[in-house]
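There are 2 protein chains.
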Amino acid sequence: MPISANNTNRKSWIEVPVDSDFPIQNIPFGVFITKDDVITIGTRIGDCAIDMGALQQLNYFEGIELTDDMFMQDTLNDFISDGKKTWRLVRNRLAELFDATNPKLRDNKEHREIVIFDVKDIEMQLPVLIGDFTDFYSSLENATNIGKIINNPEKALPLNWFHMPVGYHGRSSTIIPSGIPINRPMVQTLPIGETTPVFGPSRMVDFELETAFITTDANIMGENIPISEVEDYIFGMVLMNDWSARDIQKWESLSFGPFLGKNFATSISSWIVTMDALEPFRAKGPKQDPSPLPYLQQKGKNNFDINLEIAIKTEDATTTTISKTNFKYIYWSMIQQLAHHTSNGCRVNSGDLMGSGTISGHTPDSFGSLLELTSGGKAPIQLNNNTERNFLKDGDTVIMKGFSKNNGVRIGFGELSTKLLPPFVRK
Amino acid sequence: MPISANNTNRKSWIEVPVDSDFPIQNIPFGVFITKDDVITIGTRIGDCAIDMGALQQLNYFEGIELTDDMFMQDTLNDFISDGKKTWRLVRNRLAELFDATNPKLRDNKEHREIVIFDVKDIEMQLPVLIGDFTDFYSSLENATNIGKIINNPEKALPLNWFHMPVGYHGRSSTIIPSGIPINRPMVQTLPIGETTPVFGPSRMVDFELETAFITTDANIMGENIPISEVEDYIFGMVLMNDWSARDIQKWESLSFGPFLGKNFATSISSWIVTMDALEPFRAKGPKQDPSPLPYLQQKGKNNFDINLEIAIKTEDATTTTISKTNFKYIYWSMIQQLAHHTSNGCRVNSGDLMGSGTISGHTPDSFGSLLELTSGGKAPIQLNNNTERNFLKDGDTVIMKGFSKNNGVRIGFGELSTKLLPPFVRK
Chain C
3 MPISANNTNR KSWIEVPVDS DFPIQNIPFG VFITKDDVIT IGTRIGDCAI
53 DMGALQQLNY FEGIELTDDM FMQDTLNDFI SDGKKTWRLV RNRLAELFDA
103 TNPKLRDNKE HREIVIFDVK DIEMQLPVLI GDFTDFYSSL ENATNIGKII
153 NNPEKALPLN WFHMPVGYHG RSSTIIPSGI PINRPMVQTL PIGETTPVFG
203 PSRMVDFELE TAFITTDANI MGENIPISEV EDYIFGMVLM NDWSARDIQK
253 WESLSFGPFL GKNFATSISS WIVTMDALEP FRAKGPKQDP SPLPYLQQKG
303 KNNFDINLEI AIKTEDATTT TISKTNFKYI YWSMIQQLAH HTSNGCRVNS
353 GDLMGSGTIS GHTPDSFGSL LELTSGGKAP IQLNNNTERN FLKDGDTVIM
403 KGFSKNNGVR IGFGELSTKL LPPFVRK
Chain Z
3 MPISANNTNR KSWIEVPVDS DFPIQNIPFG VFITKDDVIT IGTRIGDCAI
53 DMGALQQLNY FEGIELTDDM FMQDTLNDFI SDGKKTWRLV RNRLAELFDA
103 TNPKLRDNKE HREIVIFDVK DIEMQLPVLI GDFTDFYSSL ENATNIGKII
153 NNPEKALPLN WFHMPVGYHG RSSTIIPSGI PINRPMVQTL PIGETTPVFG
203 PSRMVDFELE TAFITTDANI MGENIPISEV EDYIFGMVLM NDWSARDIQK
253 WESLSFGPFL GKNFATSISS WIVTMDALEP FRAKGPKQDP SPLPYLQQKG
303 KNNFDINLEI AIKTEDATTT TISKTNFKYI YWSMIQQLAH HTSNGCRVNS
353 GDLMGSGTIS GHTPDSFGSL LELTSGGKAP IQLNNNTERN FLKDGDTVIM
403 KGFSKNNGVR IGFGELSTKL LPPFVRK
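Line by line, the protein sequences give chains C and Z.
If you count the first sequence from 1, you need to add 2 to reach our numbering.
If you count the second sequence from 1, you need to add 2 to reach our numbering.
Isolated chain C (complex conformation) (with noise of 0.2 Å):
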């Protein structure tokens, strides 16, 4: 194995819990809030946060070529824009650092009280500045279930789907970090039966379970980059909720894509897994027939094996996992969603994010949204508190988890949890 922070045997001295997503081989990268009230990028081993900028205070990345105050931001957009080598370089170093071998910080208890927090004792923020969000609707099942719920059943799918990873921009304002609550969307829907609109609260939010990556400054407007170069430019990837009011998305899917049926929210988990850490987990994604035009055609394990999960946490504290799947279904893969998105010359930058689209399994207790799990809102799924839903209740969380596991070693994005509080009322 090349990335020397992957080796399956390294141990930290930092106690990691059994099944914690953060052992020493994770080094995700994310921005928070420290209970000395500062704002610094970091990652995570464990339970432990781990100030970066501190470190690099502290000189523990000497020898790596980083802008003075590189750690110091309160976004990661300027680490990831220096790239594939320094990244890993930088992956490297913390993996060798916090390596229970090594005495240097692991002995040193002033620098040790300095650099490293308790999870709880600090507040995640978004990770990147986003300067553009584009959602893709990669998965053959969802877009079938949706194509069925919404279309003619015989023709669920648009001519287009199996030749290009089909998506849409997505707006950037309103994407929040976990645990952050999101208010009910007023929304202008037409009531089925009637021919004038009326406006008011959402009666079908839904959440749609996605993953999403993000990118480093990719190309100059107006160039494409060719599939064969494009995973140079993909830094991690997060958990997404895309949030989903199906009631004014109907309405508007008259004329456009999603628009206010979307915009209202989108929740991303807060540490970003890098592609590296997810190496160990290639996997071989759907035979694609037809096959796409050359600008499309991919070589080897494109898609990852990436255990995926959804739970609603009621008002009364009760969870329930309402769904299982797997991101290696994807049709569509990541390089082949950013060189068809770049094949027009569109610029990429770093910190762009791009969701998967809804990622669904083949059977029901699989699908990544309530319209499917509901058949459109029609059978409604049982929680363990013997209440049911169609779509969700003000005051339901809905939690999203993500791991990869083999050879003993469990890589995993932490939950993405967002509660949905009642409609936005003005005093």
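To be clear, the hints were calculated from the coordinates, so they are not data collected in a lab.
Glycine included, C-beta positions come from ideal geometry on N, C-alpha and C.
Errors might be hidden in some of the hints.
[What the hints assert, rightly or not] Just some of the chain C residues that point at chain Z, by a computed CB distance under 10 Å:
| # | residue |
| --- | --- |
| 1 | Phe135 |
| 2 | Trp163 |
| 3 | Ser174 |
| 4 | Pro199 |
| 5 | Ser204 |
| 6 | Ala267 |
| 7 | Asp354 |
Given the structure of chain C, go ahead and fit chain Z onto it with the hints provided.
Frame of chain C; chain Z shown alone:
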């Protein structure tokens, strides 16, 4: 008139050519690089660009509460965040300073040489960092034309069109100022009569004549803005060319709205004309029938009388004006667009850009795109050099202009000029 900068009797000590878009009543805002390679915020009178960073350093904004480096920045976002009161104080101050009767700067040769540049010697930049870009579809004539060309002529408009300003999210990363050329995009398309798509240079590159407005920080995520208050959050306007590749746009439209068909380039004019400067040109919009829902009901005159025109300049330097129309015909006003956009709690920030959608008039010589002007590419238009165009050829420059005029005052946007280059070829 409550805004002193709009005083129609005022003359400047800077000479203003006849029919200039930039009399002392305009005072637009922009960002430019001076011949000394300094980037600054500035304004324009006649053919003079005025360095507001230098003006601030020389204390000409004394008495107005501003951060020390307000105008020594490479975007207007912070200034725009300061809100309407500050915009107005600064614009009024500039009008006073350049008033023919005011000797303060007029008679200070040393200061004049520091502050004033010939517009030929500066390089205009994008005026704002655009966080999110939304494009509406609010011209009834355009939407009807497009509907007839693309859909059933009997059912040209989608059902929702008369009930809300429909729109979609665009791509911020490829918005460029006037003067920057673009490449013909490479695109995937389905040739007519075929069942398998192909990839190659777009054969249907088109412009779209639009205006766009730029916002300030408007709301907290989750909260709406009542339509009665929304106008305060609009800073000013620019001209916009929403470049479109009609072949991939058609192929993409089978799933969602525009994606690669639009995101290769969007051009905007470089000077932001404030809503204060446009105040004297308010006009009544078309009657809205059916009456909009209460959250979209507006009072007074909310359209603006802005003359618009499009010309094509070919490689032989022949310029042909191909269309003339007016922004006052727009069906959904800017305040309706912004009230709708935030109705679901979508956050709007300083520097967001919102396009009108293609602006077309009633007659064939007033259409805002080649798609309409050539009836979907079937009836080519004639240029003054005896060539014709269905869609654009490599080497064509599209020039858009816009101005308002009454009481002897002309307020304009300058030229929005963009040249189409051949596709990028990797060496």
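Against the structure, the hints come out as follows:
About 8 Å separates the beta-carbon of C:Phe135 from the nearest beta-carbon of chain Z, less than 10 Å, and the hint is met. Interface restraint check: C:Trp163 against chain Z, minimum CB-CB distance 7 Å, threshold 10 Å, status holds. For the restraint placing C:Ser174 at the interface with chain Z, the shortest Cβ-Cβ distance is roughly 5 Å, inside the 10 Å limit, so the hint holds. Using the Cβ-Cβ criterion of 10 Å, the hint placing C:Pro199 at the interface with chain Z is satisfied: the shortest such distance is roughly 5 Å.
Annotation: interface hint on C:Ser204 holds; nearest CB of chain Z at approximately 8 Å, less than 10 Å. Interface hint at C:Ala267: satisfied, since its Cβ lies 7 Å from the closest Cβ of chain Z, which is below the 10 Å cut-off. Proximity of C:Asp354 to chain Z holds as hinted, the smallest CB-CB distance being about 7 Å (cut-off 10 Å).
In this structure, every one of the numbered hints holds.
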